[in-house]
Every structure is written in structure tokens, then in C-alpha cells.
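Engineer: First to last, the protein sequences are chains A and B.
Under this note's numbering, the first residue of the first sequence is numbered 17, with each subsequent residue one higher.
Under this note's numbering, the first residue of the second sequence is numbered 294, with each subsequent residue one higher.
One or more hints might be untrue.
Output of the computed footprint for chain A on chain B, the stretches with three or more beta carbons under 8 Å from beta carbons of chain A [stated by the list, open to error]:
| # | stretch |
| --- | --- |
| 1 | 356-365 |
| 2 | 475-486 |
| 3 | 538-544 |
Chain A side only, calculated, beta carbon under 8 Å to chain B, not exhaustive [to be verified]:
| # | residue |
| --- | --- |
| 4 | Val37 |
| 5 | Leu39 |
| 6 | Leu80 |
| 7 | Pro149 |
| 8 | Val185 |
| 9 | Ala186 |
| 10 | Val200 |
| 11 | Thr201 |
| 12 | Val203 |
| 13 | Val237 |
No lab work stands behind these hints: they were computed from the structure.
Ideal Cβ positions, reconstructed from N, Cα and C, are used throughout, including at glycine.
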Amino acid sequence: MGSVRAEFLKLKRSLSWAVVVLLPLMAVTTGVVNTVVSDQQLGNGWHTLWLRVVVFYGLFPLALGVAALASLVWRVEHRGGNWNALMGRPVSSAQVVIAKLAVLAALAAAMQTVLLAGLVVAGKLVFALPGIPPARYLLVSVVIVLACLPVAALQSGLSMLMRSFAAPVAVALLGAVGGVLLVVTRVEGVAMVVPYGLLGRATQLGTGMFVDSGAVTTGVVAALVAAALGLTAAVVAGTATVLDRLDIR
Amino acid sequence: MMGRAVANEFAKMRRLRVTPVVFVMVAGVLAVSCVEFTASGFVESMGDPAGKPWQRLLASMSFSVLMLSPILLAVLASRQVDIEHQGNGWLLSRTSGLAPGYLCRVKFVAAGAVVVAATVAQSGLVFAGGALVGITVVFPAGQWLGYTALLVVVNLVLFALHLLLSARVENQLLGMGVGVLGVFFAVISTGLPQWLSHFLPPWGYYELIKPVEYREDGSLVSLAPSYVSVLALGAAGGVLFLLVTRQFDRREV
Chain A
17 MGSVRAEFLK
27 LKRSLSWAVV
37 VLLPLMAVTT
47 GVVNTVVSDQ
57 QLGNGWHTLW
67 LRVVVFYGLF
77 PLALGVAALA
87 SLVWRVEHRG
97 GNWNALMGRP
107 VSSAQVVIAK
117 LAVLAALAAA
127 MQTVLLAGLV
137 VAGKLVFALP
147 GIPPARYLLV
157 SVVIVLACLP
167 VAALQSGLSM
177 LMRSFAAPVA
187 VALLGAVGGV
197 LLVVTRVEGV
207 AMVVPYGLLG
217 RATQLGTGMF
227 VDSGAVTTGV
237 VAALVAAALG
247 LTAAVVAGTA
257 TVLDRLDIR
Chain B
294 MMGRAVANEF
304 AKMRRLRVTP
314 VVFVMVAGVL
324 AVSCVEFTAS
334 GFVESMGDPA
344 GKPWQRLLAS
354 MSFSVLMLSP
364 ILLAVLASRQ
374 VDIEHQGNGW
384 LLSRTSGLAP
394 GYLCRVKFVA
404 AGAVVVAATV
414 AQSGLVFAGG
424 ALVGITVVFP
434 AGQWLGYTAL
444 LVVVNLVLFA
454 LHLLLSARVE
464 NQLLGMGVGV
474 LGVFFAVIST
484 GLPQWLSHFL
494 PPWGYYELIK
504 PVEYREDGSL
514 VSLAPSYVSV
524 LALGAAGGVL
534 FLLVTRQFDR
544 REV
């Protein structure tokens with residue numbers, strides 16, 4: 017628990033809030049502006065608004081946002097003598113890796129919360145939609161946050177290995193492009209076992225886009241959650257093993 | 294002096310993993326553009342001028358450029374400058390006679406050449422892909438080359454902006470964040486009227502240089518790209534870059 021608290025303390029002055037707040041709000045703004053300017057109607061109310069905001073957000077920007085946050089939580093370790101201080105701490109490598117992931121999970125959950133809040137505000141104020149978004153979007157949001165975990169774990173590992181802030185983000189972009197191609201070409205089986213593909217698939221849940229049927233069924237949700245947790249465990253174990261073998265600088 | 298400094302920047306790039314970043318930039322655009330080959334009706338259109346297969350490929354390429362370039366140019370700029378922050382290279386260069394602003398201009402010349410080469414390679418490879426799959430319709434060389442030339446200008450202006458951001462603010466999150474936000478600006482501009490896209494420079498200009506566009510009825514129409522606007526962007530971007538880097542020259546390191 018001490019490791020997790022330490023990681024949150026390190027984030028205090030890191031500008032991580034900018035990614036957490038601005039990225040989802042830009043996604044909402046993009047969906048709203050394109051709808052208003054093109055003079056299209058939200059034929060299916062909250063569902064259409066969700067489609068216009070989340071489908072694009074899930075294909076590229078979300079993975080890049082998670083990658084930038086992962087670079088941010090490791091950046092401090094690559095500066096000055098912090099790497100040696102990290103290696104000299106009386107905690108296991110697994111604890112360090114899990115603590116970093118816990119911070120990233122919290123930030124991913126915060127991003128999704130901001131996205132939902134922005135969606136509700138836009139739906140109410142700009143489009144005067146009745147009621148609130150259906151509860152299933154809350155479930156889909158939880159699935160999206162869980163699907164962020166394998167990407168966060170993988171990006172955390174890459175940011176651990178690369179001193180550069182930008183290089184892991186470039187890898188994330190390549191991964192996101194691969195994920196998009198898997199989802200667009202409907203290769204669902206492979207998409208489910210590749211972190212970026214899984215994230216792309218999870219954000220299409222309930223939308224009826226690409227491989228999605230449009231229904232949020234127990235089977236699909238269970239498959240996505242199981243894949244997310246399994247991939248996360250595998251990546252965390254791999255990262256901890258690699259960190260165990262790294263030397264001081 | 295400039296020539297040796299530029300050669301030195303190329304030497305630095307050897308260990309900056311610039312090649313993989315450029316590979317991602319070129320391969321990403323190529324891969325997303327080539328998704329069009331699997332679109333319905335594309336194979337049937339390859340020998341039919343009315344099917345506009347080259348224009349379909351051009352539309353696909355302009356979309357993929359708009360999605361990928363803002364981030365990859367941010368990555369490339371950040372890579373060039375971050376080493377100076379990390380290794381106190383600004384001070385080293387200053388004591389060697391290269392002021393920070395001058396070093397930025399040198400970096401722009403060196404890495405800008407890479408950006409130009411990558412942009413031309415993207416365009417050439419997408420054309421090669423179209424030719425390889427067997428498009429037999431006459432190639433619209435003027436339209437294609439015009440788009441590539443305008444894309445070079447917009448990419449260079451965006452790269453210069455990111456170079457300045459990364460040099461001014463040590464925390465590279467800002468440059469990366471602006472890169473990701475740039476994708477949103479570019480996507481927003483696709484829905485805006487042309488005159489409004491001018492107010493989102495330089496990302497909105499990816500929309501202004503678009504040579505073809507799908508209309509609501511699904512038809513694909515050729516557009517007249519805004520050559521004057523893009524040239525004005527290039528000129529304004531160049532002047533601003535020089536002014537800001539001159540200010541960097543007077544800054545204490």
C-alpha cells in the first residue's frame with residue numbers, strides 16, 4: 017500500500033490532470049461540434065451521442081492518452097539518481113510494477129468518469145436529451161476501464177525500459193493502428209488477445225460498429241473482462257521479471 | 294557552420310530511434326490507406342474511370358494522414374529536443390557557439406528533411422500500392438502531386454510548432470498532449486466549413502488540403518485545394534519560427 021501511496025505522491029505536480037480532463041472532454045467536444053455543424057439529429061438520443069463520442073475516442077486517442085500517462089509515471093524514475101533509488105528500495109519489483117499500474121488504473125477510471133460526465137452535460141445542455149444515459153453505459157464504462165489495464169501495463173513496461181517520453185507513445189500509436197485494423201477487418205479472435213485490439217473492441221461494445229452486434233450480453237462482457245484481466249496479469253508478471261533483471265545506472 | 298551543425302544533428306539521430314518513428318509514420322499511413330482495398334466495390338472500380346479508384350485511395354490517404362501525422366510529428370520533435378534537456382545539451386551547444394534558437398533552426402533543417410522524405414515516401418508507397426493491386430485507370434498525377442506538396446508544407450509547419458513547444462517546455466507531456474489534441478482539432482475541422490478550418494492552424498489545414506471528399510449521397514467529388522491558404526500558412530509559420538527562435542537565442546541557458 018505504501019508503494020501505491022508513493023506513486024500517487026509522485027504524480028502531484030506532474031500535469032497528469034491535464035490528460036485526464038482534456039482528452040475525454042476533447043472527445044466529447046469533437047462529437048458535439050461535428051454533430052452540430054453537420055446539422056445532424058441524434059436520432060437515437062443518448063445512444064447516438066455515445067456513438068459519436070466513444071467510437072472514435074476508443075480507436076486512437078484513448079490508447080495514446082494511457083501511453084502518455086504511463087510515460088509520465090515512469091519519467092520521474094529516469095531523472096537524476098531516481099532510478100538507483102528505485103532499485104534500492106526495500107520492495108519487490110512486482111510491488112513497484114503493480115503500484116505503477118494501480119496509479120494508471122485510477123487515472124484511466126478518472127478519464128472515463130470525465131468522459132461520462134462530459135457526455136451527460138453535452139446531452140443535456142446542447143441537445144436537451146431527456147433523462148440520463150441508460151445504465152448499460154455505466155457497465156460499458158467499467159469494461160472500458162478494465163480493458164485499459166493491459167494497455168496501461170504494457171505501456172508501463174515500455175516506459176520503464178525507454179528513457180524517452182515520446183518513444184513509448186509512438187509504440188502505442190503503432191499498436192492502436194494495429195488494433196484498429198483488427199477491429200475494422202473483424203478479426204475479433206486476435207483483437208481479444210492483443211492489448212490495443214482489446215481496448216478498441218471494448219470501446220465498441222454496445223455500439224453495433226465493426227465486430228459488435230449492438231447488444232451488451234453477459235457472454236461478451238465476461239469474455240472482455242476475462243481477456244483484460246488475463247492479459248494484465250501476464251504483462252505485469254513479464255514486466256516484474258524484466259525489472260528484476262535490470263541493473264542500477 | 295550550419296552545414297557541420299546539421300551533420301551533427303544527423304549523427305545524433307542515429308541513436309534517437311528516428312528510423313523506427315519514421316517507419317511507423319510511413320507504414321501507419323500506408324496500412325490505414327490500404328484498408329480501402331477491402332472496401333466494397335473497390336476491386337470492381339480498379340478498371341473503371343467512373344469508379345475513381347485513385348481518388349478513393351487519395352481520400353483514404355488524406356484521412357490516415359490527418360489521424361496519424363499530428364502525433365508522430367510531435368514524437369519526432371520531442372525526440373530531437375528531449376536529449377538536449379536530459380543531457381544539458383543546450384549549455385554544451387551554447388559554449389560551442391550554437392545558441393539555443395540557432396540549434397532549434399539546425400534541428401528543423403535536419404529533421405525537417407526527414408519529415409519531407411517521409412511525407413514523399415508515404416505518398417509514393419500508397420501510389421505503388423494502388424499500382425500493385427492493379428488499378429488501370431489513368432493516374433491523376435497533378436492532383437496527387439499537388440496534395441503531396443501541400444502536405445509537405447503543413448507537416449513542416451506542424452513539426453516546427455512541436456519543435457518550439459518541446460524546446461520551450463522541458464516536460465514533454467505538453468508536446469505529446471498537444472499532438473493528441475491536434476488529432477481532435479483535425480477531426481473537428483473535417484466537419485467545419487472551409488473558412489472555419491482556417492482558424493485551427495495548423496491542424497485545420499489537413500482538411501483544407503484535402504483533394505477529394507465524400508458527399509452525403511456517397512459520391513466522391515474532387516476539390517480545389519486551398520493553395521493560397523497553405524502558402525500563407527507556410528510563410529506565417531516560417532516567420533514565427535524565426536522570431537521565436539531569435540528569442541531563444543537571447544535566453545539564458
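Engineer: Decide, hint by hint, whether the structure agrees.
Structural biologist: Hint check results:
With a threshold of 8 Å between beta carbons, the proposed coverage of the stretch 356-365 of chain B by chain A holds, since 4 of its residues qualify and at least three are required. Closer than 8 Å: that is the beta-carbon criterion, and the stretch 475-486 of chain B has 8 residues meeting it against chain A, so the requirement of 3 holds. Counting residues of the stretch 538-544 of chain B whose beta-carbon sits less than 8 Å from any beta-carbon of chain A gives 0, not enough to reach three: the coverage restraint is violated. Of the supplied interface hints, the one on Val37 of chain A is violated, with its beta-carbon coming no nearer than about 11 Å to a beta-carbon of chain B, more than 8 Å.
Among the interface hints, the one on Leu39 of chain A holds; its C-beta lies about 7 Å from the nearest C-beta in chain B, closer than the 8 Å criterion. Interface hint status for Leu80 of chain A: upheld, as the beta-carbon distance to the closest one in chain B is roughly 5 Å, under 8 Å. About 22 Å separates the beta-carbon of Pro149 of chain A from the nearest beta-carbon of chain B, more than 8 Å, and the hint is not met. Annotation: Val185 of chain A was flagged as interfacial toward chain B, and the flag holds, the nearest CB pair being 5 Å apart, inside 8 Å.
For Ala186 of chain A, the suggested interface contact is upheld, since its CB lies about 4 Å from the closest CB of chain B, less than 8 Å. Given the 8 Å rule on beta carbons, the hint for Val200 of chain A holds: about 6 Å separates it from the nearest Cβ of chain B. For Thr201 of chain A, the interface hint holds, the least distance from its beta-carbon to any beta-carbon of chain B being 7 Å, beneath 8 Å. Interface restraint check for Val203 of chain A: the shortest CB-CB distance to chain B comes to about 12 Å, outside 8 Å, so the restraint is violated.
With 8 Å as the threshold, the beta carbon of Val237 of chain A stays out of range of chain B, its nearest partner Cβ sitting at about 28 Å, so the hint is violated.
Hint compliance for this structure: hints 3, 4, 7, 12, 13 are broken, all remaining hints hold.
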